[in-house]
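Participant: Chains A and B are the protein sequences, given in the same order. Position one of the first sequence corresponds to residue 1 (our numbering), numbered consecutively onward. Position one of the second sequence corresponds to residue 1001 (our numbering), numbered consecutively onward.
Take these hints with a grain of salt, some might be off.
[What the hints assert, rightly or not] Quick list of in silico lysine-lysine cross-link-like pairs, DSS-like style, CA-CA up to 27 Å:
no.	chain 1	residue 1	chain 2	residue 2
1	B	Lys1141	A	Lys149
2	B	Lys1141	B	Lys1224
3	A	Lys149	B	Lys1224
4	A	Lys148	B	Lys1222
5	A	Lys149	B	Lys1217
6	B	Lys1143	B	Lys1217
7	B	Lys1217	B	Lys1141
8	B	Lys1217	A	Lys148
9	B	Lys1222	B	Lys1141
10	A	Lys148	A	Lys121
11	A	Lys148	B	Lys1224
12	A	Lys152	B	Lys1217
13	B	Lys1143	B	Lys1224
14	A	Lys121	A	Lys44
Quick caveat, the hints were computed from the structure, so don't treat them as lab data.
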Amino acid sequence: MGFERCHPAVNLIYFTAVIAGMIAFQHPIFLAVSFICAFLYSVKRNGRRTLAFNLCLLPLAIAFAFYYSSYHHFGVTVLRRNFIGNNMTLESLVYGLAVGVVIAGVMIWMSCVYAVFSSDKVVYLFGRVSPRLSLFLAILLRMVPRIKKEAKRINMARRGIGMGAGQGNFFQRLRNGICIFSMLITWTIESLTMASESMRSRGSALRGRTAFSIYRFDNRDRTYVIVLFGCLTVTLMGVLLRQTDMVYNPRLIWKPITPASWVFYGGYALLCLLPLLLELWTEYRFRRARSML
Amino acid sequence: MKKSSIATLAVFLVLIPLTLFLGLRLSGRAYYLSSTLIVIELLIPFFLAFEGRKPQARELVVLAVMCALAVAARVAIPIPNFKAIFAIIMISGIAFGPEAGFMVGAVAAFASNLFYGQGPYTPWQMMAYGAGGMLAGFAFKEKRLPRRPLVMGIFGFLGVLLFVGPLLDTCSVFLATPSLRWETALPFYISGVPVNLSQASCTFLTMLLFGRPLLEKLDRVKEKYGMMEGENGL
Chain A
1 MGFERCHPAV
11 NLIYFTAVIA
21 GMIAFQHPIF
31 LAVSFICAFL
41 YSVKRNGRRT
51 LAFNLCLLPL
61 AIAFAFYYSS
71 YHHFGVTVLR
81 RNFIGNNMTL
91 ESLVYGLAVG
101 VVIAGVMIWM
111 SCVYAVFSSD
121 KVVYLFGRVS
131 PRLSLFLAIL
141 LRMVPRIKKE
151 AKRINMARRG
161 IGMGAGQGNF
171 FQRLRNGICI
181 FSMLITWTIE
191 SLTMASESMR
201 SRGSALRGRT
211 AFSIYRFDNR
221 DRTYVIVLFG
231 CLTVTLMGVL
241 LRQTDMVYNP
251 RLIWKPITPA
261 SWVFYGGYAL
271 LCLLPLLLEL
281 WTEYRFRRAR
291 SML
Chain B
1001 MKKSSIATLA
1011 VFLVLIPLTL
1021 FLGLRLSGRA
1031 YYLSSTLIVI
1041 ELLIPFFLAF
1051 EGRKPQAREL
1061 VVLAVMCALA
1071 VAARVAIPIP
1081 NFKAIFAIIM
1091 ISGIAFGPEA
1101 GFMVGAVAAF
1111 ASNLFYGQGP
1121 YTPWQMMAYG
1131 AGGMLAGFAF
1141 KEKRLPRRPL
1151 VMGIFGFLGV
1161 LLFVGPLLDT
1171 CSVFLATPSL
1181 RWETALPFYI
1191 SGVPVNLSQA
1201 SCTFLTMLLF
1211 GRPLLEKLDR
1221 VKEKYGMMEG
1231 ENGL
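This is chain B alone, in the form it adopts within the complex (with noise of 0.2 Å):
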């Protein structure tokens, strides 16, 4: 078996379970304890997985490339909540596959609350950014979905507004409530409404302005130096 199933059995029936057991055993704000540290064993497997794999240098390059980039552009950006972050992410995820993009993903939300301050919010960001743009690999994977800026431009709208938005305010309703309720839940991801909104409208213009040339160039790295292949396509 190979090391990074291993890790992602051990933790999904060991881990996880153990601290929800004992989250349960705590008093007071225990939820907010244990969801965080779910979140921060559920990304274990990831980078074991990305490590497993042996990449090389030069892949790792141009993820941190990416990285980069999708850090100066929620940085540079001085717009709040409108911000092309979630576009870059997307875009490698759907250049390299969903792997590099939960990568770059993660990293990204690290590397860029170095910025805006670290907090408890932290690894559900990684969480959440990474997941965005595995969501993003796995739809575009083997041309399920055509490369084309309008269809980027949609999917990355949907993609933020349903998915990585309502993460991130899952998030906000762990850290503010003591219990979680439907009706105390609700009213978080109303008002995280009109801020997805915006972030879903900045990826949608971003995609359909920067997206083609963004993936020309990532495209044509891959195949001048022959990056990125093997098992699962990645």
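Bound conformation, chain A alone (with noise of 0.2 Å):
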């Protein structure tokens, strides 16, 4: 319900525009907004155990500040120096968390969209580019879960003979282990072999085949894209007036908050809280709908 019913395109454009913004901008606020936005939304999406993963994605980011400021001493506002006599900078240290951040943000936006993209979404969009790739991905996007199934049927059968991977001494796991991993090399190479053979004759190379779609541009989509632009049209007026910069060599150059650069936050702040919003409004309708019966 929400955001991964939209058509596959809106899907790729905003994931596309976000992640980029998310790299690309420097300044704190804009961080912080695409961050947030972020951490909403993929709580909203992926539930409880998202917040934990995502809350522990915050102690790493300070610690990667921590382990950045440690090997990086540009900047000009000393704050202490190091055993071995080199100048922790608060330059460096913001700097390093703002880098922390970004990795971060960009790991929470990456699993809101291994949840909205499903394979056949993505085959759906490189289908049409060339039927060889979209084969090609059809069979590697199902390759992970199928190989770790396999390596736990290996790893069973080899228990029942004394030989799996967590039986004997060490020398002898490491030699289990490996030889798990060279039968799970063999079966990976001729499984994937059959299966795109298997897939060849029954004609998915042939020309004219068309790629499985249930996908309709209706009237949501448009307006979502209509949004959608209008606020990356705001965002890109921000870049183009230099609101999304931030100086952090040699010192910290903060960018001055005018009336005007709230209008840019918010354009950004709309862009980054679309999906989210239109999955509140989808299940308000829903429980509208629901209760009017």
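Join the two chains, each given in its own frame, into one complex according to the hints.
Facilitator: Here is the structure:
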């Protein structure tokens, strides 16, 4: 219910824009806006377990800031000297924190991408470009879960003859693990070859084959695209007016917040919140329609 | 004339001179920009040659598994600069021929940089890793060198130390110095030697320990499904 029911092209444009913005914008307010929106949307999308995962990312971002500032010593505001006599500077610490937040934010956005983009959407979007590529994608996307399942099976069978990955002393375990890995490689190559051969003999690489498609570009998608591009325009205006810039080296130079800045912050926040708002709106409509019965 | 050879000619006669010319006209760090462009242009004919052969999906699938294995060999080993990726690329080159080795190397470099971070060095790495696979493919084609683990290990050691490593060092020369001079370039090559040495010894060990079983697997698949045959013994 919600954003994943939109047209795949809309999903693709949205996530490309949002992740590009997360990586490109240096200004802390833009970073914070994108991070918080990603946080909210992933919790809404994926439930409680994501909350714990996202909360774990924050201390990791802070730890990355300390790691970064222990290696990079640019900046003029010296906080203290470390034991080899290098300067620990405020600027490198803050920049490290910004980079950490970017990494964490991209990871959270990617978790939303995984939740929204099912493999049929990928094949639908890229299958038109090249039928061979789409065949390839369809096989590869199924590969990881299949390999995991097979690894479990091999391990169980090996355990039956006392050679599982967790049996014996350290060296035996190592040996057994390598053996299982080797079997897995052989199995993967063979089964992928068989899969691609069987897909080929069913005509999946022929000309004129259509991809599985239940997608329609309806009015909701049109509205969504219009709002999306409105927000993108506002954000790009902010980029042109250098609202998204921030100088970290040699000194923290903060772009002053003018009343006009709030427009850009608002536009960017709306951009990042769009899928969440769409889902809340859908739920509201659904609930209202049900209560009318 | 074949499409891929036209592309090769176009790249060498038009694109690269044009890039060099425009690079001279630009000021500043244009060396770096133009060299990156040239490396990207050099990659084009290889991909076209591969596509022009109309590869079967099953062949692509096997190459994809080798790429995945190579990426895993770089990402999963926690010791810096001691990665088995070169060995895996070279083994694919030995088993499936030079062009396949180039493909596996280039794609594995790109894919593993998704974990390590892409940068201006990515095309250089694609080039260098691919060249390593291609070199191995040429050296072991038509039984020029015997496919024994020790021979493969020594070949891998020398290949990484003298060929792939210096290529990667050339990248850092281009990235770090504004103008090309022998005196400024030499320290980069010398300071790259220990890193290359450790990579080369990892390649040697991997070839020695895992070279034969991996090659056996690939040869078996090749024989069973009759793949990677055709022109140029690819």
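Participant: Evaluate each hint against the coordinates.
Facilitator: Quick rundown of the hints versus the structure:
At roughly 37 Å between alpha-carbon atoms, B/Lys1141 and A/Lys149 are farther apart than 27 Å, so this suggested pair is violated. For the hint pairing B/Lys1141 with B/Lys1224, the CA-to-CA distance comes to about 20 Å; that is within 27 Å, so the pair holds. Restraint check for A/Lys149 and B/Lys1224: satisfied, since their Cα atoms lie roughly 25 Å apart, inside the 27 Å limit. Restraint check for A/Lys148 and B/Lys1222: satisfied, since their Cα atoms lie roughly 25 Å apart, inside the 27 Å limit.
Restraint check for A/Lys149 and B/Lys1217: satisfied, since their Cα atoms lie roughly 21 Å apart, inside the 27 Å limit. At roughly 18 Å between alpha-carbon atoms, B/Lys1143 and B/Lys1217 fall within 27 Å of each other, so this suggested pair holds. With a C-alpha separation of about 18 Å, the suggested pairing of B/Lys1217 with B/Lys1141 holds against the 27 Å cut-off. Between B/Lys1217 and A/Lys148 the alpha-carbon distance is near 20 Å, which keeps this suggested pair within the 27 Å criterion.
A distance of roughly 15 Å separates the Cα atoms of B/Lys1222 and B/Lys1141; the hinted pair therefore holds under the 27 Å criterion. Note on A/Lys148 and A/Lys121: the hinted pairing holds, with a Cα-Cα distance of about 23 Å set against a maximum of 27 Å. A distance of roughly 25 Å separates the Cα atoms of A/Lys148 and B/Lys1224; the hinted pair therefore holds under the 27 Å criterion. A C-alpha spacing of about 21 Å is found between A/Lys152 and B/Lys1217, which places the hinted pair at or below 27 Å, so the restraint holds.
Our distance criterion of 27 Å between C-alpha atoms is met by B/Lys1143 and B/Lys1224, whose separation comes to about 20 Å. A threshold of 27 Å between alpha carbons decides the hint, and for A/Lys121 with A/Lys44 the separation of about 21 Å falls inside it, so the pair holds.
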